[in-house]
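Student: Here are the chains, one letter per residue:
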Amino acid sequence: MKKTLATQLDAINEYEREPIPKSKLKGMKSFVGMYAGEHIAGTEFVIGPLFVVHGVSAIDLVTGLLIGNLLAVLSWAFLCAPIAVRVRLTLYYQLEKICGKYLVSGYNIVNALMFCFLAGSMIAVSATAVGIPFNIAMPGLDDLYPSSIGWVVTVLAVGSVITAVAILGYEQISKFANVCAPWMILIFVAAAFAVMPQLGITSLSSFWEVAQTRIWTGVPVEGYTKFTFWHVMFFAWFANMAMHIGMGDLSILRYAKKWYHGFASSTGMFIGHLMAWMSSGILCAAAGGEVPPGPIAYASAGIAGAACVLIAGWTTANPTIYRAGLAIQSIMPRVKRWKVTMIVGLVTTIAAFFPALVMQLLGFVALYGLVLMPMGAIIFIDFWVIPRLGMRSNYASVTNTHFNIAAAVTWVGTLAICLSLNFFQNVDIFFLGLPGWFIAATLYVVLSKLYQKKASLQPEPSISAKSIV
Amino acid sequence: MHTILKLISYLGLLLTVVPSVLVFLGKIELDFHKNLMLAGMIMWFLSAPFWLNTQNEQEAES
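Just so you know, the protein sequences line up as chains A and B, in that order. Here the first sequence stands for residues -17 to 451, where the numbers follow our numbering. Here the second sequence stands for residues 2 to 63, where the numbers follow our numbering.
Each hint should be verified, as a subset may be incorrect.
Stated by the list, open to error - Each computed BS3-like pair below joins lysine-lysine, with the alpha-carbon atoms no more than 27 Å apart:
hint : chain 1 : residue 1 : chain 2 : residue 2
1    : A       : Lys157    : A       : Lys239
2    : A       : Lys8      : A       : Lys239
3    : A       : Lys4      : A       : Lys318
4    : B       : Lys7      : A       : Lys8
5    : A       : Lys157    : A       : Lys6
6    : A       : Lys318    : A       : Lys83
7    : B       : Lys7      : A       : Lys157
8    : A       : Lys11     : B       : Lys28
9    : A       : Lys435    : A       : Lys83
Hints in this document: simulated from the structure, not taken from any laboratory. Just so it is clear, the structure is predicted and the values come from calculations on it, not from any experiment.
Kindly produce the complete structure, drawing on both the sequences and the hints.
Tutor: Below, the structure is given as structure tokens:
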């Protein structure tokens, strides 16, 4: 066991602080499979029903999902991938070169916390399936706190198993996730098809009429805000904002042979998000507006459906806990990784006790992207714009500083402005990502202009747009 | 051996998706469809792990 763990950790540490060598680059096919699998997660079972709850109309849903997911694919292909294949470094190392060690540590803590909450929602999703045979009372749409002892015990059991696997068997669960992906995609489609007659859909021609009148009716559940085309489009675009605009997938796409491998994300966005969110919305409507994913999947696909919910939550919570552990461990390298992962798993499981994490998932996902987005804007501007303005890219690395004040103020300032707009002007959190990116980009250029004047520069061979183009 | 395993896996996937179309067309009941999906799941998970990951690893190496 010890040897296996050491081997897998070594593998994960591969090329953490150096560019990927040519021999290790991967073709389009690897990314097509990876993106398709990664975006069929347990949380997809919740997002679709929440659109129904928020009263999205059928036309708004379809057009919003089509355009939003297309924009997400374009963000991967044109923002993240071109930098990834040029620098071929992990997000963390690229950020360290720009921001310095200390600021990256702060980023890692925030990142790890976000990962914990995200994994918590996935554990809660799995728990809704595990609770079915034990008749556990599922949390309702308005529940914010643990609804019963049974719920707490179920979440604790699921969280403990997932954490143990994250400590001991990351590689095995990753292989298991690969096996599950094609089957899970079909379960989503099949379950939705099977319940259509219950909703009155008996032919493909009647689908649209029933979709408008019985599924995405345009009327929200009482007490919930009405979602429009714009909500759906921005949510679909920014659901993975941390990964594309936030540059999280630099770590993945650095293995790509060509920048256009970023288009492989279309499998995740269209087979995963678009199809899965629509299917789970149909399941929710067929279950009379119920939201807990376990029961609605069980009602439409029986044991296979419940198993799909359990597996979808488990296989995505596991790497998320592991990543959170890695982020924390990079700050405290002396603490053993299994101890860090165990603590992260505990925090995640406690977070999963609270159904608010699942029932308010749309808001949380939007916040998650927003918090990490400014760092993506900083990387983009640092790579493409800063050298063209006569300043130095990778400033912390060039000047050997541990804390880039320009980057820190950009990050905190952007979030302060965006969250102020949310709190004081009631601008919906879904709409803040786009202006937020331009605020971060502008702030970083202006602040770098002021900040870089002060420091003495040492020449350093850095990879930036100017040195390539 | 791989061919047989693949055949079982694909049959499992067919059992996962085809019954739902039959329910949609009114040919079978929802409960029967659930049983067929369970059978499909068992077939998939008993066969796919033995060839799918091996194939992925070979593709990654080539």
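Student: Going back to the hint list, which numbers does this structure go against?
Tutor: 3 and 8
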